[in-house]
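J.: Take these sequences, add in the hints, and give me the full structure.
Numbering (UniProt numbering), first residue to last: 1 to 312.
FYI, nobody ran anything at the bench for these hints, they're computed from the structure.
Take these hints with a grain of salt, some might be off.
[Unchecked claim] No farther apart than 20 Å at their CA atoms in a straight line, the calculated lysine to any residue pairs in the SDA-like style are these:
| id | residue 1 | residue 2 |
| --- | --- | --- |
| 1 | 252 | 222 |
| 2 | 17 | 233 |
| 3 | 200 | 183 |
| 4 | 17 | 290 |
| 5 | 285 | 14 |
| 6 | 17 | 291 |
| 7 | 17 | 218 |
| 8 | 260 | 290 |
| 9 | 285 | 21 |
| 10 | 200 | 165 |
| 11 | 291 | 302 |
| 12 | 200 | 294 |
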Amino acid sequence: MSQTFSHITVLLDEAVKELVQEPDGFYIDGTFGRGGHSALVLEQLSPQGHLMAIDKDPEAIRHAHERFADEPRFSIEHGSFAQLQTFVEQRGLVGKVSGVLLDLGVSSPQLDDPERGFSFLNDGPLDMRMDTTSGESAADWINRASETEIADVLYQYGEERFSRRMARAVIAEREEEPIVTTARLARIIAEANPRWEKGKHPATRAFQGIRIHINRELADVEDCLDQALEVLAPGGRLVVISFHSLEDRIVKRFIRRHVKGDEHLPPGVPVTDAMLKRRLKSAGKAVKAGKDELNQNPRARSAVMRAAIKLA
1 MSQTFSHITV LLDEAVKELV QEPDGFYIDG TFGRGGHSAL VLEQLSPQGH LMAIDKDPEA
61 IRHAHERFAD EPRFSIEHGS FAQLQTFVEQ RGLVGKVSGV LLDLGVSSPQ LDDPERGFSF
121 LNDGPLDMRM DTTSGESAAD WINRASETEI ADVLYQYGEE RFSRRMARAV IAEREEEPIV
181 TTARLARIIA EANPRWEKGK HPATRAFQGI RIHINRELAD VEDCLDQALE VLAPGGRLVV
241 ISFHSLEDRI VKRFIRRHVK GDEHLPPGVP VTDAMLKRRL KSAGKAVKAG KDELNQNPRA
301 RSAVMRAAIK LA
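T.: Shown next as structure tokens:
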């Protein structure tokens, strides 16, 4: 059995309180992780309610089967939340889901386990895949991608302004020997970074960019949001917790677009509310972790929760 790593669920009470409005409903936890949100959702459900969880990580699936083995109101699917609509269609519940919760980003067990290759703080295989059963690892990608592709990923997904310098350094180093460990990549990136930010490891942004690329994180979020809107019942809740600006921007724009409705109507035509085809109503302002939670879990400092309600 794999080593156990602790995980503190972020914005636990706030997210579940916003999500669960109908105890008899069918809910989706699109990012099971270690089951913190799922456990509290199940506490709020009646005997008729059900929670379907989804996770890419085989370790999360194993943990779910162990933790909720005797819970008939719980089921879990191994896959991406970008497959959400498929999983719902298989149950014949499109348009009948009471709530969808997404807790984006990487879980603490993934970050803290050196074997997963997410962290530059502990040396391990350069993997970074959330689903270790499929796809290209970070090592595979970093040793075959062009200099331009590497620079683009670091800049677009890591928001790293020295991306071109870092990409050149990666290409030069891999010609000497393939880059297969997190420590070596972190060293290469750090040495190519001319301006270290105070309190931040010089490889932070680069590692974030590579991780997002390897796991298609932003594309999956966009796909999932569209699908969530289709599977939700009228009055159903969409609750999303983001951990960096790129994710949050996608969520914010998605909610805003569907709150405003159709903006492409001909100019000068009298517009009724029905013609706008608004599909969402905002459930209030963005929520961030409070002081008590931040004292307990510093990783919550960047978390932003947004919620919306599907209209009829």
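J.: Next, verify each hint and record whether it holds.
T.: Cross-check of the supplied hints:
1. Straight-line distance between C-alpha atoms of residue 252 and residue 222 comes to about 11 Å, which keeps the hinted pair within the 20 Å bound.
2. Proposed proximity of residue 17 and residue 233 is supported: the alpha carbons are some 18 Å apart, at most 20 Å.
3. Taken as a hint, the residue 200 and residue 183 pair is honoured in the structure, with Cα atoms around 16 Å apart against an allowance of 20 Å.
4. For the given pair, residue 17 sits about 16 Å from residue 290 by alpha-carbon distance, which is consistent with the 20 Å threshold.
5. Restraint check for residue 285 and residue 14: satisfied, since their Cα atoms lie roughly 12 Å apart, inside the 20 Å limit.
6. For the proposed pair residue 17 and residue 291, the alpha carbon gap of about 19 Å is at most 20 Å, so the pair holds.
7. Under the criterion of a C-alpha separation no larger than 20 Å, the hint pairing residue 17 with residue 218 is inconsistent with the structure, at around 26 Å.
8. Between residue 260 and residue 290, the direct Cα distance comes to roughly 30 Å. Violation of the 20 Å bound is thereby established for this hinted pair.
9. Using a Cα cut-off of 20 Å, the hinted pair residue 285 and residue 21 holds, with the two alpha carbons roughly 18 Å apart.
10. For the hint linking residue 200 to residue 165, the alpha-carbon distance of about 19 Å falls within 20 Å, and the restraint holds.
11. Restraint check for residue 291 and residue 302: the C-alpha separation of about 13 Å stays at or below 20 Å, so the hint holds.
12. Between residue 200 and residue 294 the alpha-carbon distance is near 18 Å, which keeps this suggested pair within the 20 Å criterion.
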